[in-house]
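K.L.:
Chains as they are written, first to last, in the working numbering: chain A, 1 to 373; chain B, 1001 to 1373.
The hints are simulated quantities; they were obtained by calculation from the structure and are not laboratory data.
Warning: the hint list may mix true and false statements.
Claimed, not checked - In silico DSSO-like links for lysine-lysine, alpha-carbon gap of 27 Å or less:
#1 Lys-335/A - Lys-1084/B
#2 Lys-1083/B - Lys-308/A
#3 Lys-1084/B - Lys-283/A
#4 Lys-1105/B - Lys-308/A
#5 Lys-1230/B - Lys-1164/B
#6 Lys-1312/B - Lys-84/A
As the list claims (entries may be wrong) - Output of the computed footprint for chain A on chain B, the stretches with three or more beta carbons under 8 Å from beta carbons of chain A:
#7 1080-1087
#8 1300-1313
Idealized CB from N, CA, C, for every residue including glycine.
There are 2 protein chains.
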Amino acid sequence: MKLKIKQNVLMNYLNYAIRGVSSKNLIPILNCIKFELTNEGLYLISTDNEISIKTFISSNKIEKIESLGEIVVSGRFIYDIVKKLPGEIIDLEEVMDSKLYITTKNSSFTLNCNEVNDFPNIKFEEVEEPIIINNKMIRNIINETIFATSTQESRPALTGLNMKIENNKMECTATDSFRLAKKMIELDKTVENNINIIIPTRSLNELIKMVEDNDEKIELHIFENKVLFKSENIMLISSLINGTYPDTSKLIPESFETILSVNLNDYFNAIDRASLLTNESDKNTIVLESNKDEAIISSNIPEIGNVKENIKINNSKSEEIKIAFSSKYMMDAIKTFNSDEIELCFNGDIKPIIIRSKEDNSLIQLIVPIRTY
Amino acid sequence: MKLKIKQNVLMNYLNYAIRGVSSKNLIPILNCIKFELTNEGLYLISTDNEISIKTFISSNKIEKIESLGEIVVSGRFIYDIVKKLPGEIIDLEEVMDSKLYITTKNSSFTLNCNEVNDFPNIKFEEVEEPIIINNKMIRNIINETIFATSTQESRPALTGLNMKIENNKMECTATDSFRLAKKMIELDKTVENNINIIIPTRSLNELIKMVEDNDEKIELHIFENKVLFKSENIMLISSLINGTYPDTSKLIPESFETILSVNLNDYFNAIDRASLLTNESDKNTIVLESNKDEAIISSNIPEIGNVKENIKINNSKSEEIKIAFSSKYMMDAIKTFNSDEIELCFNGDIKPIIIRSKEDNSLIQLIVPIRTY
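Pulled out of the complex, with its shape left as it was, chain A reads as follows (with noise of 0.2 Å):
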């Protein structure tokens, strides 16, 4: 394998492949990353078992291709010699007893390599009618739901997100037991089989950061105990958890006792310093308690003080209601809204709270009150 690259295109492929290496694998082989040179371009290939990453420079952006061939060479050192090298043309070269030389005007790199074959053979197959959701989207489902799955091991399936197809009707569902997100789409078109799988949070995390904030089609292949997702740069595999999903779906209710509507800003606000006078400890509740066109948040440390907090309400439909919940939860919850105003839902005090927004129904937050008494 030998080629010239400029430092920054061979920058911007590794930021890619550097997510599939893992910094606490035990496996020498799975903190590497695989250099492909062919006459087509430059495939980089990184794994840690439960994410694979591939991405491909091809060769018009690539100054020269001397001769093919591949290597396996420490991804974190690759990964930080190319970062700190100067934005010139860059020489990579693998020599004698598998050695790897990077070389520019006035620095000069050796790095052992480590074995072609030892490197896991990562099939990243293609369905023949892929999912096609676009770049924002896909990064607004990631947003609006991942806080709320559950970091507990105990139960496996809740430390994924629940992805649902079911004709052209896509759901994604994130829950740790004490709150909800779920996210409603309309896909372009209709799927054959019904969809039901779990996707690991952290794959989740790793994705969101390689897909840009714009129009362009990310393409969703989905097998029995995996995931591609494959955009222009990059190709992402995603193990699947196994397990069952717990049925969500009666957890919404239809219809509410009390429903306030509330200025998003100044509702945060008022949650966010109330929460100043809570405790870890104590879940950080705060109480809610409305009447007619007011609502007063309240929290306490017994020892430090106390606040109250006003904020205005709307009441579309109002039975009178006071009710305490996890001030961390709510404001997870209020800040996935890109919206004026939102709403509060409510069936007595303890019945979960629905909170959703008159502009866009394609979002949903619940979020589980503490009892106090």
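Given chain A's structure and the hints, the job is docking chain B onto it.
P.N.:
Below, chain B alone, put in the same frame as chain A:
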């Protein structure tokens, strides 16, 4: 105590006072800020016994002073609350049972106060003829030296900055015995009595966050066991470290066998890249080897690989040299210079390396080489 004050005004000054509140202090009263409201204005005072801070909001910056008084309240809570309040006018009022009301249009906080008499009585005394330096200079002194202080409590004197003044010459020295930073400046006035004190690193770290990068003056009021820094907005008292600072005057040679003049950026980047193939456990050792008009900087981690960096040198005086040193210490030292070219000065491979700038002889950095054979 009762007053009305703009949120942003109070916040500006709480930003100073909070720096005297230690987050780890187990003595509750030291986690507090004392408010003293007089006809002249509002004083905010904090202390953790090592550092004490006093700041003053003059009455013309306060909307309304309704009744004078003193309160002592949790520093962290009042800081966080005021920070999150909207940019409105805040009412602060002490009420019965030593509570503080903090209210704006829609928010009302009550904080329990501590006993005013329990708060340490700190004397912010001044000397008749303080030493006067401008803000930029005190910032330079701190930035260019304190990284070289020791973190090892076994030699307390080395955990601070040594400040010596004789006549009008001020010399500030920091060393952890492996490297040394020395800054020499001339004061506008001559001191009557020589000064030789050791200021704790932490105090200077807090000071630099409060001193703006401008040409205003700061006064140093030096006492037997403390120093008061006084600027327009703040007074900071730091305790001093007891003990004798080692005599470092003979460590810096008058003449050198080898002087290499190098471009600062090129040299820094070469060291930075070479440091990629070093280990902290091996003191990040790199080797510099000079010949006629270039130097080679090299390092290696046997199982990973090696690196060679070439840099152009403009020898002012040159015996060839081969010497090993810590890349981390070298980068820390180089960062303090603000010129295009720096000089690396050597007397063989076991004597300290001196780094200096041709243009500015007020700053000297010293690094003890590493013996690798």
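K.L.:
The segment 1080-1087 of chain B covered by chain A? Criterion: 3 or more residues, Cβ-Cβ distance below 8 Å.
P.N.:
The restraint on the segment 1080-1087 of chain B holds, since 5 of its residues have a Cβ under 8 Å from chain A and three suffice.
K.L.:
Given the proposed pairing of Lys-335/A with Lys-1084/B, does the C-alpha separation stay at or below 27 Å?
P.N.:
holds (17 Å)
K.L.:
Do the alpha carbons of Lys-1083/B and Lys-308/A lie within 27 Å of each other, as the hint requires?
P.N.:
Given that 27 Å is the threshold and the Cα spacing comes to 17 Å, the pair holds.
K.L.:
Holds or violated: Lys-1105/B and Lys-308/A, Cα atoms, limit 27 Å.
P.N.:
The hint holds at about 11 Å.
K.L.:
Three residues or more, CB to CB closer than 8 Å: is that satisfied between the segment 1300-1313 of chain B and chain A?
P.N.:
holds (count 9)
K.L.:
Given the hinted pair Lys-1230/B and Lys-1164/B, is their Cα-Cα distance within 27 Å?
P.N.:
holds (19 Å)
K.L.:
With the threshold set at 27 Å, check whether the alpha-carbon distance from Lys-1312/B to Lys-84/A stays at or below it.
P.N.:
Cα-Cα ~19 Å, so holds.
K.L.:
Taking 27 Å as the top limit, are the C-alpha atoms of Lys-1084/B and Lys-283/A close enough?
P.N.:
holds (21 Å)
In summary, the structure agrees with every hint in the numbered list given earlier.
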